[in-house]
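There are 2 protein chains.
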Amino acid sequence: MTALIEELKTLVGAAHVLVDGDLSAYEVDWRKRAHGKALAVVRPGSTGEAAAVVRACAQAGVAMVPQGGNTGLVVGATPDESGTQVVLSLQRMTAVRELDAANMTVTVEAGCVLQSLQEHARNAGFLFPLSLAAEGSCTIGGNLATNAGGTQVLRYGNARDLCLGLEVVTPAGEVWDGLSGLRKDNTGYDLRDLFIGSEGTLGLITAATLKLYPLPAATLTAWAAVPSMQAAVQLLGLARRHLGAGLTGFEVMGQFALGLVARHFPQMRVPFVQDSPWCVLLENADHESEAHARGQFETLLERALEEGCVTDAVVAENIAQARQLWHVRESIPLAQAEEGLNIKHDISLPISRIPAYCEETDALLLREIAGVRLVNFGHLGDGNLHYNVQAPEGGDAATFLREREEAVNALVYDQVRRHGGSISAEHGVGSLKVDSLPDYKSPVALGMMRAIKGGLDPRNLMNPGRVVRP
Amino acid sequence: MTALIEELKTLVGAAHVLVDGDLSAYEVDWRKRAHGKALAVVRPGSTGEAAAVVRACAQAGVAMVPQGGNTGLVVGATPDESGTQVVLSLQRMTAVRELDAANMTVTVEAGCVLQSLQEHARNAGFLFPLSLAAEGSCTIGGNLATNAGGTQVLRYGNARDLCLGLEVVTPAGEVWDGLSGLRKDNTGYDLRDLFIGSEGTLGLITAATLKLYPLPAATLTAWAAVPSMQAAVQLLGLARRHLGAGLTGFEVMGQFALGLVARHFPQMRVPFVQDSPWCVLLENADHESEAHARGQFETLLERALEEGCVTDAVVAENIAQARQLWHVRESIPLAQAEEGLNIKHDISLPISRIPAYCEETDALLLREIAGVRLVNFGHLGDGNLHYNVQAPEGGDAATFLREREEAVNALVYDQVRRHGGSISAEHGVGSLKVDSLPDYKSPVALGMMRAIKGGLDPRNLMNPGRVVRP
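Same order as they appear, the protein sequences are chains U and A.
Per the UniProt record's numbering, residue 1 is the first one in the first sequence, and the count goes up by one each step.
Per the UniProt record's numbering, residue 1 is the first one in the second sequence, and the count goes up by one each step.
Do not rely on the hints blindly, as some may be mistaken.
As the list makes no split between identical chains, a pair holds if one copy fits it or if it spans any two.
Stated by the list, open to error - For lysine to aspartate or glutamate, the following EDC-like pairs were computed, each having C-alpha atoms within a straight-line distance of at most 20 Å: (1) K441 - E174; (2) K441 - E306; (3) K37 - E307; (4) K32 - D414; (5) K441 - D177; (6) K37 - E403.
Keep in mind the hints are simulated off the structure, nothing from the lab.
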């Protein structure tokens, strides 16, 4: 292995092959659940260097773990504990290669931080709509490798839907230049979408061409109290009809989740938390004017009040108020952490099944664990719930997790399967869910995934042990 | 083979295994370029029957050719001339299995005709936005297998973007039930998008779950005279900013193309055809009201007149006028046929490159062939041109095609490659382009395509000779 490390130093420079010192930023995952050990962390500075590094590793038969901002939630981008895997860090490849205003596209290297790209686009008068909690640290390459979701999916889709082309280093170290700025291209299999969401197991994404959108003229936020999850689903239908593509956000939050925010962050005002079992945050992005957006929101909310799916509502008066409302929504995970460890799920369901799912699963959990508390919130417009389970009031959270996590997961996921849902809506599989996936995924689908992995990475050197086992 | 045919009759009923009589509807392609001969045409009535048919053919080592409405333009769905291939016709599997209003999805069998699905959705108060010339005959399965485009791609995307889940019979005859109504699902490789656009070479699509949208409150159409292709690109940028997601159509048409319509269909009024080198048809679908849509259009067109990218414009006063304008656009291919045989291309380019592409390629063609006439029109909003080449005035079209087609294709496609475009934007590869694809596609991409084909269809029984050769 010494020979390989020397070769890697020749390829990218000794300063960019890390073997000593504290490498925990590369070896420990975001939620600190896995503590790996790398043979080396290699940071190529260009696509050519990245390809040379992959060829050298492949020749030595050494497994590689692609890594962007290392903000993933399913232990998909850190090395295992063996000390035999090379981390391929993209963090030096951050260039915006081209912004094509007439084509409304931007071509960017994989290591570019999401927030930098958002700002670059905004400075050119465009919106790059991908937006998620980790945007200050996560990278475009990681966003694409995991098909990231976030808060704007309802209107703009997942990371997949924002990507027109990719540049990829294959497991053999060849470069596929698929950096197309084309909106239509039917010349063969959709390799782009195969790499997107494959979590680095089929190759290394080094750059991407992404869609840009016009900046909206005004973005307004509203907060509505709704009497039930069924009413929230009804409000979603109304909002889609009244606001059309203007509806860019539709977040649902349960009373207990909002109560945790009110309890742990008493300086925040949480509208309607006392009286309403559910609240919904709506966002309306208008290409015309703020006045128009406000009129649209008012018409919608009046109609919803008449139909009884909303009991009360406020529309933010200005950007500061809108930010406060979003801040409440975004503070739920922190408030949960303040309350203590809990069992997290990132599930999706057909929207029509969500009310029944929640009612049944809440009841089953309460029957199993008296007093268990449900922190339920999520992107209702995408059918995506963060259906989290917190220990009973006063119970010991660590014990709860140790004793109950497996059974709770089984119950929650079995219900997901029964309602035609997914056990990973936006976080991916990684190594955390690789061994439970076969319980919830069709064996025919898994067989095809294995055939594809075998065809594209026959020696299983790219991020082994993630997504699918040979 | 007699034994196989007897077995197929047992599986689907003798009436649905066609071997005698006139089978040209299944054996000859839409443009009548290829006259094949099938071993048999089999019409399964259910997914179970389809899987049994595939298993029987696979066991006998017989190649299969999936077929929907047989409206494809690249000879991808008819059997070769050997008489050894079985056509799998989906035309009996037409059921709409479920329309889920709250989830805004519809699940439909592959043989359902596109227009039937559009009507089914409309009757339930929804829009299914896929729309193309062959919609009265083409099927959903074929639309997905070829990733069909059409006139609404600018707003709603290609067929790929409208699909959430698939049911597929694999080349071994297993059924993959991937009929998900989920908008987010990150549990492994994106098999859905791999099958979409694979033109029946990886498996047989038997059903799909598709997205629905709210019906717009009003749809308006405008027709603008623009002084150049560059001005058309500028108008597109303005329209995207002013109309946002309301902009559902943006079709560009050259003066010669429109002149053919005026010449061969003198009863049609073709606005501005005398005076303007290019015209643009714009469509604005509004979720609010017709008055709002009209106001938006007027603001946009005034601004465009001020900026000089539009020299004159009309907005249709009513639906009848709007239909007339679309009818002019849709009559271009017919007018071309009236004028005589011509060399057709379905290319895409980055939108920013289109003005230079047209200027250069027009000049190169005119240098090669004095008096050659260019019928240029297409979906500019998607970067998709139908850049067609017609014989010089008075020249013999058949001779022109025979003598010039190969050289013209090479010139047009070399220019496409030079400008980063695609030689097949929406029609696919089929058998028509399978052997020219390697000249225009990256060998790394082709290598990955072969690996995938080999992994999923190792015996090359599914639509062999299409898209990629082993």
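Right, here's what the structure says about each hint:
1. In this assembly of identical chains, K441 and E174 lie within 20 Å of each other by CA distance solely across copies; the values are 15 Å between and 32 Å within a copy.
2. Proximity of K441 to E306 under the C-alpha cut-off of 20 Å is found in neither arrangement, the shortest distances being 43 Å within a copy and 57 Å between copies.
3. With identical chains, the CA atoms of K37 and E307 are never at most 20 Å apart, being 58 Å at best within one copy and 61 Å at best between copies.
4. When the C-alpha separation of K32 and D414 is checked against a cutoff of 20 Å, the pair qualifies neither within a copy, at 27 Å, nor between copies, at 52 Å.
5. In this assembly of identical chains, K441 and D177 lie within 20 Å of each other by CA distance solely across copies; the values are 10 Å between and 32 Å within a copy.
6. For a Cα distance limit of 20 Å, the shortest separation of K37 from E403 qualifies neither inside one copy, at 28 Å, nor across copies, at 66 Å.
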